[in-house]
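J.: In order, the protein sequence lines correspond to chains L and W. The first sequence: position 35 = 23 (the working numbering), numbered continuously. When you read off a place in the second sequence, starting at 1, and then add 40, the result is the number in the working numbering.
Hints are computed from structural coordinates only; laboratory data are not their basis. Check the hints yourself; a few may be wrong.
Below, in silico cross-link-like pairs of lysine-lysine (DSBU-like), each with a Cα-Cα straight-line distance of 30 Å or less [stated by the list, open to error]: (1) L:LYS231 / W:LYS251; (2) W:LYS251 / L:LYS0; (3) L:LYS6 / W:LYS104; (4) L:LYS35 / W:LYS76; (5) L:LYS46 / W:LYS80; (6) W:LYS139 / L:LYS46; (7) L:LYS46 / W:LYS76; (8) L:LYS0 / W:LYS76; (9) W:LYS76 / W:LYS331; (10) W:LYS291 / W:LYS104; (11) W:LYS104 / L:LYS35; (12) W:LYS291 / L:LYS35; (13) W:LYS331 / L:LYS46; (14) L:LYS46 / W:LYS251; (15) L:LYS35 / L:LYS173; (16) W:LYS104 / L:LYS46; (17) L:LYS35 / L:LYS(-3); (18) L:LYS35 / W:LYS331; (19) L:LYS89 / L:LYS173; (20) W:LYS291 / L:LYS0; (21) L:LYS6 / W:LYS291; (22) L:LYS6 / W:LYS76.
Not everything, but these chain W residues come out facing chain L in the computed CB check (under 8 Å) [claimed, not checked]: (23) PRO123; (24) ALA333; (25) ARG336; (26) TYR337; (27) SER338; (28) ASP341; (29) TYR342.
Note that beta-carbon positions come from the ideal geometry of N, C-alpha and C, so glycine has one too.
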Amino acid sequence: MSERLSVFKTYKLYVGGKFPRSESGRVYEVTDSKGNWLANAPLSSRKDARDAVVAARKAFGGWAGATAYNRGQILYRIAEMLEGRKAQFVREVADAEGLSKSKAADQVDAAIDRWVWYAGWTDKIAQVIGGANPVAGPYFNLSSPEPAGVVVVLAPQESSFLGLISVVAPVIATGNTAIVIASEKSPLPALSLGEVLATSDLPGGVVNVLSGRTAEIATPLAAHQDVNAIDLAGAGEIDGLAKELEIAAADNLKRVLRPQPVDDWAATPGIDRMTAFLETKTVWHPTGSLGASGSSY
Amino acid sequence: MTASDSTLRRFLHGLPGVDAVGLEARAASLGTRSIKTTAKAYAIDLAISMVDLTTLEGADTPGKVRALGAKAVHPDPTDRTTPATAAVCVYPDMVAAAKEAVAGSTVKVASVATAFPAGRAALSVKLADVRDAVAAGADEIDMVIDRGAFLAGDYMKVYDEIVAVKEACGTSARLKVIFETGELSTYDNIRRASWLGMLAGADFIKTSTGKVAVNATPANTLLMLEAVRDFRAQTGVQIGVKPAGGIRTTKDAIKFLVLVNETVGEDWLDNHWFRFGASSLLNDLLMQRQKLATGRYSGPDYVTVD
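So here's chain L without its partners, still in its complex pose:
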């Protein structure tokens, strides 16, 4: 019997619910931690970035308008799908980060748990950071958090899966849409995540995954006038990039989350990554009565 031919996987981008190759037609070689070839990943151009913004903007209205409960259900569904493809992610993480199988499995478990944790937050964040404000007048004064809009996320360069999930989930949990720039040297878990998202009831365009040179893709996105916020988590390791992107982002007053050193992605994250991409809307509304005095107007 002849030996079976290998069936290699073509890793592709995930934009607008579809799996395009890079518009530029370019790819680059992805290697494991020892330098052995793993796969070719698309080398995105600024036009791929532009297309991703269009897709994310298109998806924003529907995703932000979905009920928080519904978003939670969909995020939980994603966790279910991740669970089913755990073996694949364990292999990809082990290759990318040079971990043993059991260490990689711990990372993937933590990532899935993280996703479930954020799924639970979708319909609770408003109670925690919003609320009824006491005011001296016959009015209700209500503050509620609203998603910022289209958020560009530079995924962490080192933690290819747990780090990735830890920055993507909080962005979309609150109703933002995201453009994720995968880790430059280990993009494969992020590209595989796209395949999971495509089969998890998540509307196309809510998460868009680009791979390639982080600086090349992030620069036009930071300057893009139709992007509302940018998370520079993955820019910290690249010399001078974070500062450059902050300057470009200032032009249309984007919200910027500066890179912060994270020692352990497995630690409980808190809600800071969610609140970084929320805006507070406050409305005044007449109460209809003056309460205790019994009079009304």
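Here the structure of chain L is known, so what remains is to put chain W in place on it, guided by the hints.
T.: Positioned in the frame of chain L, the structure of chain W alone reads:
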């Protein structure tokens, strides 16, 4: 050839048949040209100057028409080097409001008429519609042909109607004849309609109303461009072309400009001879213009909603 129904029919049916595959292939291959940097900047400004900024909704208000007029005169108020559009295109009862809004500028007022978009009304009603629009000050009239009569083979009726409308336009208004190519079924019919319209005295031939499923496509516009080229070669009379409906992006608009340049040449690269009937196209052109000027991608927050 327009002496009688039979001679007109013999002429129109004697036109060579259209090679549909060849036409579409040519339109597609011309659409692959890469237009960059300075050529792109030129094309964007040219396209802006060719836009007939259109609002044809039942919900049009005088306020909306005024806003549209202001936008036509200064498409990008933050950059006064942006050229004005060619015209605003409105329903006849909005002509007066539009005229007022663009007063003192180069922007013309075009009005659809003749029971737009269906064209299903008596000739007297259609002519009254046209006279109203002209009296209100319309510089251009966009008429629809009677597709029912055309498809039934009653070419003379269509011809006479165009002649009558042309007469109602008088000397002041230019006449654009809309064929509604999406309803004519075949490329042969589009070629026949083009010749019929040109023989009857159209100043412009226009693809569609924008109200049906299939509007302007590169292929049917290419076919009409070939018709005006051949018509000028035979009669010496130059006719304009206006694709309308479904052109939403700068990329599309530039493809049409390539078609014009490669088919009829520079003589038509002017808003006197070529127009885009569009509403959302202008915003995309403006965003691309801002991108070229500043180097960063623009967004819909930086152009007007309508």
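J.: Now look at each hint and say whether the structure bears it out.
T.: Structure-based check of all given hints:
1. L:LYS231 / W:LYS251: Given pair L:LYS231, W:LYS251 is violated - Cα atoms ~50 Å apart, limit 30 Å.
2. W:LYS251 / L:LYS0: violated (38 Å)
3. L:LYS6 / W:LYS104: violated (38 Å)
4. L:LYS35 / W:LYS76: holds (14 Å)
5. L:LYS46 / W:LYS80: Holds, at about 26 Å.
6. W:LYS139 / L:LYS46: Roughly 36 Å between the alpha carbons, so the hint for W:LYS139 and L:LYS46 is violated.
7. L:LYS46 / W:LYS76: holds (27 Å)
8. L:LYS0 / W:LYS76: It holds: about 27 Å lies between the C-alpha atoms, which stays within 30 Å.
9. W:LYS76 / W:LYS331: OK: W:LYS76 and W:LYS331 at ~12 Å, within 30 Å.
10. W:LYS291 / W:LYS104: holds (27 Å)
11. W:LYS104 / L:LYS35: Violated - the C-alpha atoms of L:LYS35 and W:LYS104 are around 35 Å apart, more than 30 Å.
12. W:LYS291 / L:LYS35: Measuring from Cα to Cα gives roughly 13 Å; hence the hint holds.
13. W:LYS331 / L:LYS46: Roughly 20 Å separates the two Cα atoms, so the pair holds.
14. L:LYS46 / W:LYS251: holds (24 Å)
15. L:LYS35 / L:LYS173: Roughly 21 Å separates the two Cα atoms, so the pair holds.
16. W:LYS104 / L:LYS46: Cα-Cα ~25 Å, so holds.
17. L:LYS35 / L:LYS(-3): holds (24 Å)
18. L:LYS35 / W:LYS331: holds (13 Å)
19. L:LYS89 / L:LYS173: Given that 30 Å is the threshold and the Cα spacing comes to 20 Å, the pair holds.
20. W:LYS291 / L:LYS0: Judged against 30 Å, a Cα distance of about 25 Å means the pair holds.
21. L:LYS6 / W:LYS291: Distance ~22 Å between L:LYS6 and W:LYS291 Cα, so the pair holds.
22. L:LYS6 / W:LYS76: Given that 30 Å is the threshold and the Cα spacing comes to 27 Å, the pair holds.
23. PRO123: Where the cut-off is 8 Å and the nearest Cβ of chain L is about 22 Å from W:PRO123, the hint is violated.
24. ALA333: Result: violated, 12 Å to nearest chain L Cβ.
25. ARG336: Given a least distance of 4 Å, the restraint on W:ARG336 holds.
26. TYR337: Status holds, d = 4 Å.
27. SER338: holds (5 Å)
28. ASP341: holds (7 Å)
29. TYR342: With a minimum Cβ separation of about 6 Å from chain L (threshold 8 Å), the hint on W:TYR342 holds.
The structure fails to meet hints 1, 2, 3, 6, 11, 23 and 24 from the earlier list, while all remaining hints are met.
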